[in-house]
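Engineer: Please build the complex by placing chain Z on the supplied structure of chain V, with the hints as guidance.
2 protein chains.
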Amino acid sequence: MSIQKVENQVIIRNQAFIEKAEQLKPQLFETVVKPVSIVEVKEDSNVIHGWKAEFMAPASTLADTEYGKKDSFILDFGNHQVGYLTINIRPSGSPPDAPLKLKLTIGEMPVEMAEPFENYDGWLSSSWLQEEKIFVDVLPATITLPRRYSFRYVKFEVVDTSPKYRVVFENIECRAITSANINDVDSVSHEDTEIQKMDEISIKTLADCMQDVFEDGPKRDRRLWLGDLRLQALANYETLKNNDLVKRCLYLFAGVPDDKGKVPANVFIAPKLIADDTYLYDYSLFFTATLHDYYMETKDLATLKELWPTAYRQIELALERLDENNIVKDSSDWWSFIDWQEGLNKQTPSQAVLIYTMKQAIRLAKELNVPEKDLLKARLEEITVAAKTYLWDEKQQFFISGADRQVSWASQIWMVLAGVLTQDENKQLMNRLLIEKPTIGIATPYMYHHLVEALLVSGEKEMAISEMKTYWGGMIRDGADTFWELYDPKNKDFSPYGSHLINSYCHAWSCTPTYLIRKYNL
Amino acid sequence: MSIQKVENQVIIRNQAFIEKAEQLKPQLFETVVKPVSIVEVKEDSNVIHGWKAEFMAPASTLADTEYGKKDSFILDFGNHQVGYLTINIRPSGSPPDAPLKLKLTIGEMPVEMAEPFENYDGWLSSSWLQEEKIFVDVLPATITLPRRYSFRYVKFEVVDTSPKYRVVFENIECRAITSANINDVDSVSHEDTEIQKMDEISIKTLADCMQDVFEDGPKRDRRLWLGDLRLQALANYETLKNNDLVKRCLYLFAGVPDDKGKVPANVFIAPKLIADDTYLYDYSLFFTATLHDYYMETKDLATLKELWPTAYRQIELALERLDENNIVKDSSDWWSFIDWQEGLNKQTPSQAVLIYTMKQAIRLAKELNVPEKDLLKARLEEITVAAKTYLWDEKQQFFISGADRQVSWASQIWMVLAGVLTQDENKQLMNRLLIEKPTIGIATPYMYHHLVEALLVSGEKEMAISEMKTYWGGMIRDGADTFWELYDPKNKDFSPYGSHLINSYCHAWSCTPTYLIRKYNL
Numbered sequence: 001m002s003i004q005k006v007e008n009q010v011i012i013r014n015q016a017f018i019e020k021a022e023q024l025k026p027q028l029f030e031t032v033v034k035p036v037s038i039v040e041v042k043e044d045s046n047v048i049h050g051w052k053a054e055f056m057a058p059a060s061t062l063a064d065t066e067y068g069k070k071d072s073f074i075l076d077f078g079n080h081q082v083g084y085l086t087i088n089i090r091p092s093g094s095p096p097d098a099p100l101k102l103k104l105t106i107g108e109m110p111v112e113m114a115e116p117f118e119n120y121d122g123w124l125s126s127s128w129l130q131e132e133k134i135f136v137d138v139l140p141a142t143i144t145l146p147r148r149y150s151f152r153y154v155k156f157e158v159v160d161t162s163p164k165y166r167v168v169f170e171n172i173e174c175r176a177i178t179s180a181n182i183n184d185v186d187s188v189s190h191e192d193t194e195i196q197k198m199d200e201i202s203i204k205t206l207a208d209c210m211q212d213v214f215e216d217g218p219k220r221d222r223r224l225w226l227g228d229l230r231l232q233a234l235a236n237y238e239t240l241k242n243n244d245l246v247k248r249c250l251y252l253f254a255g256v257p258d259d260k261g262k263v264p265a266n267v268f269i270a271p272k273l274i275a276d277d278t279y280l281y282d283y284s285l286f287f288t289a290t291l292h293d294y295y296m297e298t299k300d301l302a303t304l305k306e307l308w309p310t311a312y313r314q315i316e317l318a319l320e321r322l323d324e325n326n327i328v329k330d331s332s333d334w335w336s337f338i339d340w341q342e343g344l345n346k347q348t349p350s351q352a353v354l355i356y357t358m359k360q361a362i363r364l365a366k367e368l369n370v371p372e373k374d375l376l377k378a379r380l381e382e383i384t385v386a387a388k389t390y391l392w393d394e395k396q397q398f399f400i401s402g403a404d405r406q407v408s409w410a411s412q413i414w415m416v417l418a419g420v421l422t423q424d425e426n427k428q429l430m431n432r433l434l435i436e437k438p439t440i441g442i443a444t445p446y447m448y449h450h451l452v453e454a455l456l457v458s459g460e461k462e463m464a465i466s467e468m469k470t471y472w473g474g475m476i477r478d479g480a481d482t483f484w485e486l487y488d489p490k491n492k493d494f495s496p497y498g499s500h501l502i503n504s505y506c507h508a509w510s511c512t513p514t515y516l517i518r519k520y521n522l
Numbered sequence: 001m002s003i004q005k006v007e008n009q010v011i012i013r014n015q016a017f018i019e020k021a022e023q024l025k026p027q028l029f030e031t032v033v034k035p036v037s038i039v040e041v042k043e044d045s046n047v048i049h050g051w052k053a054e055f056m057a058p059a060s061t062l063a064d065t066e067y068g069k070k071d072s073f074i075l076d077f078g079n080h081q082v083g084y085l086t087i088n089i090r091p092s093g094s095p096p097d098a099p100l101k102l103k104l105t106i107g108e109m110p111v112e113m114a115e116p117f118e119n120y121d122g123w124l125s126s127s128w129l130q131e132e133k134i135f136v137d138v139l140p141a142t143i144t145l146p147r148r149y150s151f152r153y154v155k156f157e158v159v160d161t162s163p164k165y166r167v168v169f170e171n172i173e174c175r176a177i178t179s180a181n182i183n184d185v186d187s188v189s190h191e192d193t194e195i196q197k198m199d200e201i202s203i204k205t206l207a208d209c210m211q212d213v214f215e216d217g218p219k220r221d222r223r224l225w226l227g228d229l230r231l232q233a234l235a236n237y238e239t240l241k242n243n244d245l246v247k248r249c250l251y252l253f254a255g256v257p258d259d260k261g262k263v264p265a266n267v268f269i270a271p272k273l274i275a276d277d278t279y280l281y282d283y284s285l286f287f288t289a290t291l292h293d294y295y296m297e298t299k300d301l302a303t304l305k306e307l308w309p310t311a312y313r314q315i316e317l318a319l320e321r322l323d324e325n326n327i328v329k330d331s332s333d334w335w336s337f338i339d340w341q342e343g344l345n346k347q348t349p350s351q352a353v354l355i356y357t358m359k360q361a362i363r364l365a366k367e368l369n370v371p372e373k374d375l376l377k378a379r380l381e382e383i384t385v386a387a388k389t390y391l392w393d394e395k396q397q398f399f400i401s402g403a404d405r406q407v408s409w410a411s412q413i414w415m416v417l418a419g420v421l422t423q424d425e426n427k428q429l430m431n432r433l434l435i436e437k438p439t440i441g442i443a444t445p446y447m448y449h450h451l452v453e454a455l456l457v458s459g460e461k462e463m464a465i466s467e468m469k470t471y472w473g474g475m476i477r478d479g480a481d482t483f484w485e486l487y488d489p490k491n492k493d494f495s496p497y498g499s500h501l502i503n504s505y506c507h508a509w510s511c512t513p514t515y516l517i518r519k520y521n522l
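One line per chain: the protein sequences are V and Z, in this order.
So for the first sequence, the working numbering puts the first residue at 1; every next one is plus one.
So for the second sequence, the working numbering puts the first residue at 1; every next one is plus one.
The shape of chain V in the complex, shown without the other chains (with noise of 0.2 Å):
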């Protein structure tokens, strides 16, 4: 996998937009968890990842036994959480002459407690891993770990005691953190509790990502990326209603563009708020689309008013790139993101979500009634048109990609949710591509939400639903307390970094279902 590292980047800093975003800091809410139970991680070769977590003793009886150098321990908190964590231990036997010496690994599945992070040797950094050795001079203690961590499990191994004493540990908890108030989500009761199911653990997934900013992952980055925030705020809006939080967002994004207007892929905001300098075709244009969003969910003139500027720019930007065809050019160093998957032509999703994006550009110009409206009605007819004409295959009714005339999933997926067809050819090919499944399929599940929105908007609810059961379903099956950051029913061990210890497994772009259920009401 490469990454995107911009030589002489210029950020042109908007101090007002920046404060904006500040004042609208969320409250965060923290409450008190305690473990569950003391589990043991055994093989099974027929769970995900071949580990499966078993119930050995309430987590009650821990301070039962008391703990020497090589013991260890696994505690499971019942469901994920994110949050911090604080330790109580005292010793027992003669007075502690040595530090304890104590390791902790924390994970989200199974597999982060029985496969060793030493192991780990994926391209992404392995201080993602989460795990901590500690040394406590003096003991009786309390230990608050000063970290965020994400999981489910923690493990405690001694590695070092002396010989002269043990210890026993007690009061563990979490003091589990989400800037989401639960109690705003209005429940849903329905017949069918896959579905029921599937919508309460995507809130508990959009929930655990609410931080500070709707982060992607509370274990891994943490940030605030543009694609996943245009997906959390949609579902947002069907639960939580916490729109604030993703005005910030969109403040955030605002207060840092390049010195051509365009803005990041993602940002930090910690130390201070930093543009990265990673910056995607699809997910500048998703600016716009997340300032539409807002603006239908919340009718919040002014931040439209203050804000169109940024997303029309996106918007300029983006046709910037068309060729004397009206086509996005394709070439080998530029950057969409669309989807992960392997050897994916990015130029025909990519002008979808030119389309997709313009046309919201045009709602909110209505809206505004400013005279960018003509010019992109009349930009986005000649490249609707653009696309039909050179992009579709008569032959193969798909549309093709990249100078190969790849046929992918997405392509068909993103040409459907931009409208470019009538709704019959669209329900027709849907069809066709669920039928004759082109190689260049789909990787993740923010993929997957486009395939069952464009299988929606295409009339194929059954489909939908069916694919949702499949995929989100399968999750669930495969034991998830939140939605993954990718998931492959054919292929469980699935990781793009090299290693399934490093996924992600609580991701904010897999947190779509609930918003599926309750926006096309399945």
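Calculated directly from the structure, the hints in this document are not laboratory data.
Glycine included, each C-beta is placed from N, C-alpha and C at the ideal position.
Treat the hints with caution; some may be incorrect.
Okay, the calculated bits of chain V under chain Z, using three or more residues with CB under 8 Å as the criterion [claimed, not checked]:
#, stretch
1, 82 to 96
2, 469 to 483
Computed list of lysine to any residue pairs in SDA-like fashion (alpha-carbon distance at most 20 Å, straight line) [unchecked claim]:
#, chain 1, residue 1, chain 2, residue 2
3, V, Lys103, Z, Gly498
4, Z, Lys133, V, Val136
5, V, Lys70, Z, Asp121
6, V, Lys69, Z, Trp308
7, V, Lys469, V, Glu200
8, V, Lys70, Z, Gly498
In silico negatives: residues of chain V with every beta carbon more than 12 Å from chain Z [what the hints assert, rightly or not]:
#, residue
9, Ile3
10, Glu7
11, Phe29
12, Ser127
13, Asp221
14, Asn243
15, Val267
16, Pro271
17, Met296
18, Asp300
19, Ser332
20, Lys366
21, Lys395
22, Lys461
23, Arg518
24, Leu522
Structural biologist: Just chain Z now, kept in the frame of chain V:
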């Protein structure tokens, strides 16, 4: 090595004594120390442990280099330090998109930088090996490590950053801590530079061990032992003169006797004053010796009066162990320290320690004019006669110890210090000892101190200096910045713990050359 664990230990806390000790808590002096150089540690079979530190660059050039995954460097602070580390780190490259994972290895000797701690498999707790794994979630960062370290060298290993950024280390410093005021020491300018150097390193060793209490080793153990205290106090009177710290330590021991009145061999002071469940025949008697030396130095009659009952009680308890012949009973289940020499029988040296401390007790009883002095004098006479009758081997012209009539260095040395023989006989005995060199020799600097002092009280000043130059001078030639817990010039890898990694290289009981040099005008 076996350890003592006492079941059903009953401590009678003397709150008035404990509060007096608390009031005498010393001020800690802080000095900011910067690293001097960047070094590499290289194999060299000619130096101790086979590793030497080689200068690479001044530490001031550190910030010129960016460090990425798997890069490392070693800082040399130029001398032994006891204190707290602060590290400033800034990122270089793209915005940090993953935490920094940093491993620190903190050591007193080059070997600690070279041989992996993971390989340590000795019986002392591996938790004493000074290392940290640190995750830095937000950069730039100022990291102030909360634990106190004892070190000269710090190895920094960048375990991981991310492919997008590297780090620069700036402003690394140590806040060095001691309760010793080095300015209080009268400097001596000795014509013999080796003696001059031994004096200086002794004082540095003593100062680095002077914290809240006289610690035995600032790297390992870090607690107050009576046997070490006695020697530290003697060195202190000749140099740093922090007599209140000696007084504090006496009150700490007197504050936590057991239900028979016996003081423990050592105490812990955090989280509160705790008597260890280790009791040693000789160490308990050294409470009396330390009070004697403290009074002779300070003439602090109030303290003598208050602590005399505790001191006298140690003699009474020691006398209870005499058999019908007035000889200390030997058995397989009693504990007297004397030395770590393998196979050493403790009977005769313990008898000598009893005689040695009874003489000091008599001097104190005279000062106080208490009736115990007559009983002590009568018993001393009997015990001294018994020693000469039952423990002196006329044929071998050595003191023997235990059922196997063991001839050890310790027995001869302590009997000389106890003054059982005449000055002439002492002189002959010490000469015989150094010529015949019995197999059961000396293991620690603690026992070497007593060898040298026994030579001095026997009038063998030149031999004493020669032994010091061989032993402490040997440590200096082998690179000591402070004197070590353990040193065997003939077996430089010696450790009673199974690894020289865990030895303490700044250890109180090794600090006495300054006392010997100054007290005896060497």
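Engineer: For a quick check of understanding: which of the numbered hints are violated here, in increasing order?
Structural biologist: 2, 3, 6, 9, 10, 12, 13, 15 and 16
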